[in-house]
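These protein sequences, in sequence, are chains A and B.
Counting in my numbering, the first sequence runs from 1 upward without gaps.
Counting in my numbering, the second sequence runs from 1 upward without gaps.
Calculated directly from the structure, the hints in this document are not laboratory data.
Beta carbons are placed, not taken as given, at the ideal position from N, Cα and C, and that holds for glycine.
Treat the hints with caution; some may be incorrect.
[To be verified] Facing chain B, according to a computed beta carbon distance under 7 Å, are these residues of chain A, among others: (1) S67; (2) T110; (3) A111; (4) L153; (5) G155; (6) I156.
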Amino acid sequence: MLYLYRIAIAAYLTLGIPALSSASSLFINTQSGLSFNSVSANLGVEAGIRKPSYGLFFKADWNPWFSPQAVQDALKPGIMNLGIGVEHLYFNDRCRFTASVGSSTLLFDTALDEAWTTGFFIEVSPVSLRWPLTEELTLQVEPTSISLAMPVLSGIPLISFQYRHGISLEWKPQ
Amino acid sequence: MKRARSKLSLALGVCIAAALTPSNAAAFKIGSAFTDPCHEQITLRGFFQDDSLEGEQILVPSNIFEGKAANQSATWLQIAQYLESEVDYTFRSDFERFLGITLFIGTRYPDQANFAIMDINSLRDLHLAVEGQEGHALRAIDYDFEFGNEQAVLSLRDYIRELVDEAYESFEGSRPESGAAITKTSLKNQTVKVGFWLDFYGTIDVEVWRPLFLLGKAAHALQDSFAHTYRSEDTKNIYAVGNFVEAISTDYAESRDGPRHSDQTDDCQDPRVKPLVDAAINATRALFFAFRDYLAASNADEATRLAASANLDRVIAEQTAYQSGCGFENNYCETPWAELAKEAETVPLLGCTNASPAPWFMTLAGLLCLQWYRRRRRSTDQELIV
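This is chain B alone, in the form it adopts within the complex (with noise of 0.2 Å):
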C-alpha cells in the first residue's frame, strides 16, 4: 500500500512539473494598420492641394462631371456626417462631400469590410488570408529571405495598379456615351452598395461610388507601406517589408520572414511616427495627381493617355521604392525605423502550446488521479472490512 501511493504521489509530481514547465506559444493576435481615423486623416490631406486643406479637391477634374453630383440619400448623409465628425473636417459642398466620403470609405475598408473589429472570426480570415496581405503591403507566406522583399514590393506595386486601372474602367462606365460627361443619372451605373459597420447599429448597407471606392483601397495599401515596412531614415526607400501572418505563428523566423508587423509604427497619433505619416500624405497626393491626369487624359489622344498611364506606373514605383542591400543581416542599414517598430511588433499572444499539453490541462489530469486514488482505496478499505 505505501508503494502503491508513493507511485501516485509520483506521478502528480510529475504532471504538476509538467504543468509549470514553460512552452512554446502559438496564438492569434488581430491587428490593423493605421488605425482609424489615421487613414481617412492621410486621404483628407492628400484631398487637397496640402495640409492646410483649402481650396479645390486634387482628385476629380472639373469638367468630368455635368453638373455636381451627390449622394443625398439619408444613410448616406448620416455615414457622412459621422465620418466628418471623426476627423473633424466638414465638407464645403455636397459634391466635394461626396467625393470625399466616397474615399473614406475606400480606404477603411481593406481593414474592417463589413463588419466589427471585434468580430474575431471575421477580422482572422481577412487580416490572416493567404493571399491578399499585398493590400496592407505586407509579405505573402512565400515571400522568404531578401527577395522576398522584392517579391513584396513588386506585388503591393501591381495591387494598387489594378485597383487604380479597375478605378478607371468604372469611372468610363459612369459616363453616358464615350467622352461624355458624368451626369447623375449615369452614376448609377458604376453605384455600388459596400458594408459599413458602425458600433451599435451593425452592418450598414451603403451606396458609394464605385471608382473613387476603389481608389480608397489603392491609397490605403500605398499608406500601409510607410507604417508596414523598414524604410530608410528620409522614408524615400523600402528597405524590408513587414510580415502579419507568419509573425503570430510558431514558425517565424526574421532572417527568412522579414520583420514582424509593427503596432507602433501603425500609431500616427505618436509623434515619433509624423515622419512617415507625412511621407504617407504626400504620397497619396502623388497618387491622387496622377489619377487625376489619367482622368483628364480620357478624352484626349493615344498617346497623351499613355503618357498618363506612364506617369501613374512611375508615381506608383516613386513612392514604393525598394532599396536591396539592408537587410537583416546589417540590422536594416540601422535605420531608426527598426528600432521604432521593434518597440510593439506584433508576436504570439495566448499560452497555448502545439508541442505540449496546456498547464491547467496538466494539473487537471493530476487532480483527477488522485480523486480516483482515494476513490479506489476507499472502496477496498470497504470491502475488506466486510
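Isolated chain A (complex conformation) (with noise of 0.2 Å):
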C-alpha cells in the first residue's frame, strides 16, 4: 500500500503539477458532515491544484463513529482517510463532482482488531452544490456523498459504507 502511494505522489508531482501549473490555482475545502445509514460524522479538509474545470487534491478525513450499543462511551474515535481525488466543475462552476481513495485507519480498539490496522477507502461525491460568497469563498453542500472504508482487510473484515451529508467552505486564494 504505501509502495503504490509513493508512486501516485511521484506521477502527481512529476506530471500533475506542471501541467496543471499554466492558469489553474490552489484551493483548499473544509468539510463536516454527517451519515444516518452507519451513524457518524465527519471533519475533513481538501487542498489541491485545479484548472478551469478539472483539479487534483490530497483528502484527510476524520471519521468518528457513533457506537448505539455502548450507552455509557458511545462516540468512538472511528477512522483516519487520508488519500487523493480528482474533481471536475461543471454547470457554470456551480456544481462540482470529486472521486478519492486512500489509506483508512482504525483510532481505537474494536472488539476484535487494535487501533492503528490500516486498509483503504473509496468516496464519490456525484454532485455538490457551489455558492460564491465572495471572490474567494464559496460554500458547498453535498447533499449525498458515498464513502466505502475498510480499515481492517484480514480476518473479519471491518467495513463502513456511509451515506454522507455535508457542507463545505472552499477558499481559493486569489
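Since each chain sits alone in its own frame, please combine them into the complex, following the hints.
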C-alpha cells in the first residue's frame, strides 16, 4: 500500500503540477458532515490544484463513529482517511464531482482489531452544489456522497459504508 | 364578527386544554435478561467445579472425544478471543475454549439472536413474541393469576428439558457410529452456523457445535429464572413469575398478569443481586453435572440411561421449584426480592395513547384552526374593500 502511494505521489508531482501550473489555482476545502445509515460524523480538509474545471487534491478526513450499543461510551474515535482525489466542476462551476481514494486507519480498539490497523477507502461525491460567497470563498453543499471505508482487510473485515450529507467552505486565494 | 371570533377562541382554548390533559400511555420498551456479560460470567463459573475456575471442565466426559476437538477457523478464534476478553478469562486449552465459547454463544443467543440490541424491530419481535416467553423464564400472555405462575414454571421446565434432549440427540449424531468416540471429522455432522452480532462488524456467521449451543440456550432460560421471578429469600423456591409482554402494554394488572419484569434484578453487577447470581451459578453447575452424567450414560445400559434422564428432570425441577400461596394478595410473602425488583420495573415508556390524540397533535390542530380563521378574515376584508 505504501509503495502504491509513493508511485501516486511521484506521478502527481512529476506530471500533475507542471500540467496544471498554467492557468491553475490552489484551493482548500474544509468539510463537515453526518451519516445516518452508519451513524457517524466527518471532518475533513482538501487541498489541491485546479485548472478551470478539473483538479487534483489531497484529502484528510476524520470520521468518528457512534456506537449505540455502548451507552456510556457511545462516541468512538472512528477512522482517519488520507488520500488523493480528482474533481470536475460543471454547470458553470455551480456543481462539483469528486472521487477520492486512499488509506483508512482505525483509531481505536474494536472488539476484534487493534487501533492503527490500516486498509483503504473510496469516496465519491456525484454532485456538490456551489454558491460563491466572495471571490475567494465558496459555500458547497453535498446532499449525498458515498463513502466505503475498509480499515480492516484481514480476518473478519471491518467495513463502513456511509451515505454522507455535509457542507464545506472552499477558499481559493486570488 | 365578535361572536365568530369568540367562538374560534373558545375552540382553540378547548384544543389546547385537551392537549394539556394527561392521557394514558402505551409504548414499547426493549428489555433484556441478565445483561451481557452476566450470562457468560454465570455460565463460565458453572462450567467448572467451583468459582475458582480451576481444574477440568465438568460438562463433557473425558472419554467422549477421540483426541481433543477444537475450532481453529480465523473467524471463530477472533470471536473466541472477544468473548474471553468479555469475561476476562482465557481458557487453558483449545479444547476447553471450543466447549466454553460454544456455550457462551448459546447463552447469548436467546437475548440477541443475530442482530443488534439497537435493532428495535428485530428485538421487538424477539422479546414481544406471544410464544417463546419461557425461553426467558417469563409468563406467556394467557398465564393469568396464581395458576399462571405454575403454568409458567411448567413451561420453563418443558423448554429446558426439550433443549437438553435435543442437545443429547445432536451429541449422539456427532458420533461416527453408535457408541463410538466423537472424532474431529464426525463432529462436523453436528456443526452449524449461527449469526453472531458485533458492534461495527454486523452479523458474523460463526460455526458452533450444536449440542453445546443448545445446552447454552437451556442454561440461559434456567439462569433467567433467578432474575425474572420472585423467589423465596433463600432463592430456592419460585413464588411468582414475571411478565414482560403485558407489562409494557396498557392492559396490565399485577393481580392478574403477575409482577413486572425488572431491570434491577437483571443487573448482576448490583451487590444486592449477588445471592441470585450465586444461585444461578449453582443451578447452571447442577444442570451441567446432570447433562454430563446423561452423556456418560449414553454408552451404558438402559437402566443407567433412564436414571440419568430422571436425574436431569429432578435437577431441573429442583432449581425451578415452585411454592404456591405467595402471590400478589399477600405481597409475595414479603420476600425481599419483590422490593428489590420493584425499584426498576419494566413499564410503558412513551407518552402516546390509544384513548385520545397526542398532545402535540391537538396543539397543532388548534394553531392551524387559528391560521385558517385569519386567512378567511383577511379575504373577507379584501372583498368588502372592493
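Q) Which hint numbers doesn't this structure obey? A) 4
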